[in-house]
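Here is how the chains run, residue by residue.
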Amino acid sequence: EAGVAQSPRYKIIEKRQSVAFWCNPISGHATLYWYQQILGQGPKLLIQFQNNGVVDDSQLPKDRFSAERLKGVDSTLKIQPAKLEDSAVYLCASRRAGVYEQYFGPGTRLTVT
Amino acid sequence: DAKTTQPPSMDCAEGRAANLPCNHSTISGNEYVYWYRQIHSQGPQYIIHGLKNNETNEMASLIITEDRKSSTLILPHATLRDTAVYYCIVREEGSGNTGKLIFGQGTTLQVKP
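Protein chains in written order, with the working numbering: chain B, 1005 to 1117; chain H, 34 to 146.
Errors might be hidden in some of the hints.
[What the hints assert, rightly or not] Below are the BS3-like pairs computed for lysine-lysine, each with C-alpha atoms no more than 25 angstroms apart in a straight line:
| id | chain 1 | residue 1 | chain 2 | residue 2 |
| --- | --- | --- | --- | --- |
| 1 | H | K145 | H | K102 |
| 2 | B | K1075 | B | K1019 |
| 3 | B | K1066 | B | K1015 |
| 4 | B | K1048 | H | K102 |
| 5 | B | K1048 | B | K1087 |
| 6 | H | K133 | B | K1066 |
| 7 | B | K1019 | B | K1048 |
| 8 | H | K133 | H | K85 |
| 9 | H | K145 | B | K1048 |
| 10 | B | K1066 | B | K1048 |
| 11 | B | K1082 | B | K1048 |
| 12 | H | K85 | H | K145 |
| 13 | B | K1048 | H | K133 |
| 14 | H | K133 | H | K145 |
| 15 | B | K1019 | B | K1087 |
| 16 | H | K36 | H | K85 |
| 17 | H | K85 | B | K1075 |
| 18 | H | K133 | B | K1082 |
FYI, nobody ran anything at the bench for these hints, they're computed from the structure.
Just so it is clear, the structure is predicted and the values come from calculations on it, not from any experiment.
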């Protein structure tokens, strides 16, 4: 089966610009996660979707970050406006109902200059 | 915050067993121990999980102490491709659980020829 797809793989923007990341989870996986991984740290959960509803967005900086999962399949994470401290790898993961293993995509490496 | 403590780094000779320790002294009765690893420039990958019994799969073995306050991940014959950051995660299971993973700093395992 195909894995979690993410695009773009790399993105460089200037501070105060906007950026969007896209994730296509594994087919049939109802739960989708977005993580932020700053260099040298473990991934940190930003938001979790169950189908197209938000389950947990307690760690999402809502003044600048937004995410949606229309139709319960693909998801988009947006940052507007970006700050220097947003430089990180943004990982998408998905999980099938009843199974607790999460499957991660390769991530998008964002550099904010 | 992560509920686990791991050494920041370890070395292992190729072909030898790699034993990665993890302390989780505050683990509660319904919490499982999960191990993921992250190879450079990739997303984390599930390895194994367990509650109280030792577990083995095609990738590794998980040994959990009787009091469940610590565990050891064993890679029986480490190869250069096992060089990665290994994360030990404690997570509550059961209905209503979001499946959220809280990553710590992990252990960087360097397998040397």
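Tested hints:
no. : hint              : result
1   : H:K145 / H:K102   : 30 angstroms, violated
2   : B:K1075 / B:K1019 : 31 angstroms, violated
3   : B:K1066 / B:K1015 : 21 angstroms, holds
4   : B:K1048 / H:K102  : 24 angstroms, holds
5   : B:K1048 / B:K1087 : 18 angstroms, holds
6   : H:K133 / B:K1066  : 19 angstroms, holds
7   : B:K1019 / B:K1048 : 22 angstroms, holds
8   : H:K133 / H:K85    : 20 angstroms, holds
9   : H:K145 / B:K1048  : 30 angstroms, violated
10  : B:K1066 / B:K1048 : 15 angstroms, holds
11  : B:K1082 / B:K1048 : 16 angstroms, holds
12  : H:K85 / H:K145    : 32 angstroms, violated
13  : B:K1048 / H:K133  : 10 angstroms, holds
14  : H:K133 / H:K145   : 33 angstroms, violated
15  : B:K1019 / B:K1087 : 5 angstroms, holds
16  : H:K36 / H:K85     : 17 angstroms, holds
17  : H:K85 / B:K1075   : 39 angstroms, violated
18  : H:K133 / B:K1082  : 21 angstroms, holds
The structure shown violates the earlier hints numbered 1, 2, 9, 12, 14, 17.
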